[in-house]
Amino acid sequence: MADRKTLTFALMDPPYENARTTTALRLIDIAVRRGFDVNVFAYEGAVNVPFAKQAPHANAVHGRDVGEEDHPNPKDWVAALFKEAEKRGSKIDWVQCGLCVDERGATEWVPGPRRGSPADLVKFAESSDNTLVIPTK
Amino acid sequence: MSKYLLIESRDPFETNDVAYFFDLASSLAKEGNTVTLFLVQNGVLPARPSTRSKALSALSTAGIQVLADEFSLRERGIPANRLATGVKAAPLDVVIDQLAEGRKALWH
Chain A
127 MADRKTLTFA
137 LMDPPYENAR
147 TTTALRLIDI
157 AVRRGFDVNV
167 FAYEGAVNVP
177 FAKQAPHANA
187 VHGRDVGEED
197 HPNPKDWVAA
207 LFKEAEKRGS
217 KIDWVQCGLC
227 VDERGATEWV
237 PGPRRGSPAD
247 LVKFAESSDN
257 TLVIPTK
Chain B
10 MSKYLLIESR
20 DPFETNDVAY
30 FFDLASSLAK
40 EGNTVTLFLV
50 QNGVLPARPS
60 TRSKALSALS
70 TAGIQVLADE
80 FSLRERGIPA
90 NRLATGVKAA
100 PLDVVIDQLA
110 EGRKALWH
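Taken in order, these protein sequences are the chains called A and B. Each residue of the first sequence is one higher than the one before, starting from 127 at the first, in this note's numbering. Each residue of the second sequence is one higher than the one before, starting from 10 at the first, in this note's numbering.
Extracted from the complex, chain A is given alone in its bound form:
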């Protein structure tokens, strides 16, 4: 669609820490389902959101095995966003801040995100219809 709008989201929070991550992924999901192109700039702890080695686990305290625990991993939600975008003909350009990635050793991601730098956030902001920065507390 020629007049497709693009929204940019900047994420800072690491996974498993705060509801902001969930809300950010909800926003991206809505935007994709509504036919927007989406840019994501993940920096600081947020580069771990699509980290490929996240693993589900059992919960011995509650006596549940891996299947029963059905532990959610944000990497799966990120992968699902890319699949949804592909299905709907939308585009997600998810940039992982390279410095933040190196600092954390978070170099392996589910398919979709690419390595970049803060300069990409500037490009995103300049080229998109709007930008929402979701900062840490």
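If you are wondering where the hints come from, they were derived from the structure by calculation, not from laboratory data. Among the clues, some could well be false.
Computed footprint of chain B on chain A, listed as stretches where at least three residues anywhere in the stretch have a Cβ under 8 Å from a Cβ of chain B [said to hold, decoys possible]:
#, stretch
1, 140–151
2, 157–163
3, 253–262
Below, in silico cross-link-like pairs of lysine to any residue (SDA-like), each with a Cα-Cα straight-line distance of 20 Å or less [as the list claims (entries may be wrong)]:
#, chain 1, residue 1, chain 2, residue 2
4, A, Lys263, B, Asn25
5, A, Lys131, A, Arg159
6, B, Lys97, B, Asp20
7, A, Lys263, B, Asp26
8, A, Lys263, B, Ala28
9, A, Lys263, B, Ala114
10, A, Lys131, B, Gly111
11, A, Lys131, B, Val103
12, B, Lys113, A, Leu258
13, B, Lys12, A, Thr257
14, B, Lys12, A, Val259
15, A, Lys249, B, Ala114
16, A, Lys131, B, Arg112
17, A, Lys263, B, Phe22
18, B, Lys12, A, Leu258
19, A, Lys201, A, Arg240
20, B, Lys113, A, Ile260
21, A, Lys131, B, Leu101
22, B, Lys113, A, Ala251
Each residue gets a CB set at the ideal place from its N, CA and C atoms; glycine is no exception.
Mind docking chain B on chain A? Use the hints.
Just chain B, lined up with the frame of chain A:
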């Protein structure tokens, strides 16, 4: 005049910063700007009638659209039909709509 989308995610019972954010919304409206205050996550807690919800009602009276994320309300067991005066439940889609319309957006 401009249009603003202010997103409040924090609990006013936990941090007084929220009051400053409400003041910002009020000041922007007084200057003649169009303002939506969207409550999400623990930001919806004052939407339940309480000592902290008067501020939201006052913002609504001042012409600010005060909305509370339906999902966040459900998570916290706050019935959408029993919100403080001037506060309405709304889907998160509103944020996407207002971003797409080009509103100046600020997350707190």
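Comparing the hints with the structure gives:
Under the rule that three or more residues need a Cβ within less than 8 Å of chain B, the assignment of the stretch 140–151 of chain A holds, with 3 such residues. Check result for the stretch 157–163 of chain A against chain B: holds, 3 residues qualifying (beta carbon to beta carbon below 8 Å, three or more required). For the stretch 253–262 of chain A, the stated coverage by chain B holds: 7 residues have a C-beta nearer than 8 Å to a C-beta of that chain, and at least 3 were required. For the proposed pair Lys263/A and Asn25/B, the alpha carbon gap of about 13 Å is at most 20 Å, so the pair holds.
Distance restraint check for Lys131/A and Arg159/A: the Cα-Cα separation of roughly 13 Å lies within the 20 Å cut-off, and the hinted pair is therefore satisfied. A C-alpha spacing of about 18 Å is found between Lys97/B and Asp20/B, which places the hinted pair at or below 20 Å, so the restraint holds. A threshold of 20 Å between alpha carbons decides the hint, and for Lys263/A with Asp26/B the separation of about 11 Å falls inside it, so the pair holds. The straight-line distance between the Cα atoms of Lys263/A and Ala28/B is roughly 15 Å, inside the 20 Å bound, and the hint therefore holds.
For the given pair, Lys263/A sits about 17 Å from Ala114/B by alpha-carbon distance, which is consistent with the 20 Å threshold. This hinted pair checks out: Lys131/A and Gly111/B have alpha carbons roughly 11 Å apart, not beyond 20 Å. Of the supplied pair hints, the one linking Lys131/A and Val103/B holds, its CA atoms being roughly 16 Å apart against a limit of 20 Å. For the given pair, Lys113/B sits about 9 Å from Leu258/A by alpha-carbon distance, which is consistent with the 20 Å threshold.
Only pairs whose Cα atoms come within 20 Å are accepted, and Lys12/B paired with Thr257/A is accepted, the gap being roughly 14 Å. Under the criterion of a C-alpha separation no larger than 20 Å, the hint pairing Lys12/B with Val259/A is consistent with the structure, at around 17 Å. Only pairs whose Cα atoms come within 20 Å are accepted, and Lys249/A paired with Ala114/B is accepted, the gap being roughly 18 Å. In summary, the hint linking Lys131/A to Arg112/B is supported, as the alpha carbons are separated by about 14 Å, within the 20 Å threshold.
A distance of roughly 15 Å separates the Cα atoms of Lys263/A and Phe22/B; the hinted pair therefore holds under the 20 Å criterion. Of the pairs offered as hints, the one joining Lys12/B and Leu258/A holds, with about 15 Å between alpha carbons and a cut-off of 20 Å not exceeded. Among the hinted pairs, Lys201/A with Arg240/A is consistent with the structure: their alpha-carbon atoms are about 14 Å apart, no more than 20 Å. With a C-alpha separation of about 14 Å, the suggested pair Lys113/B and Ile260/A falls inside the 20 Å cut-off, and the hint holds.
A threshold of 20 Å between alpha carbons decides the hint, and for Lys131/A with Leu101/B the separation of about 18 Å falls inside it, so the pair holds. The hinted pair formed by Lys113/B and Ala251/A meets the criterion: a straight-line CA distance of about 13 Å does not exceed 20 Å.
Violated hints: none; the structure is consistent with every hint.
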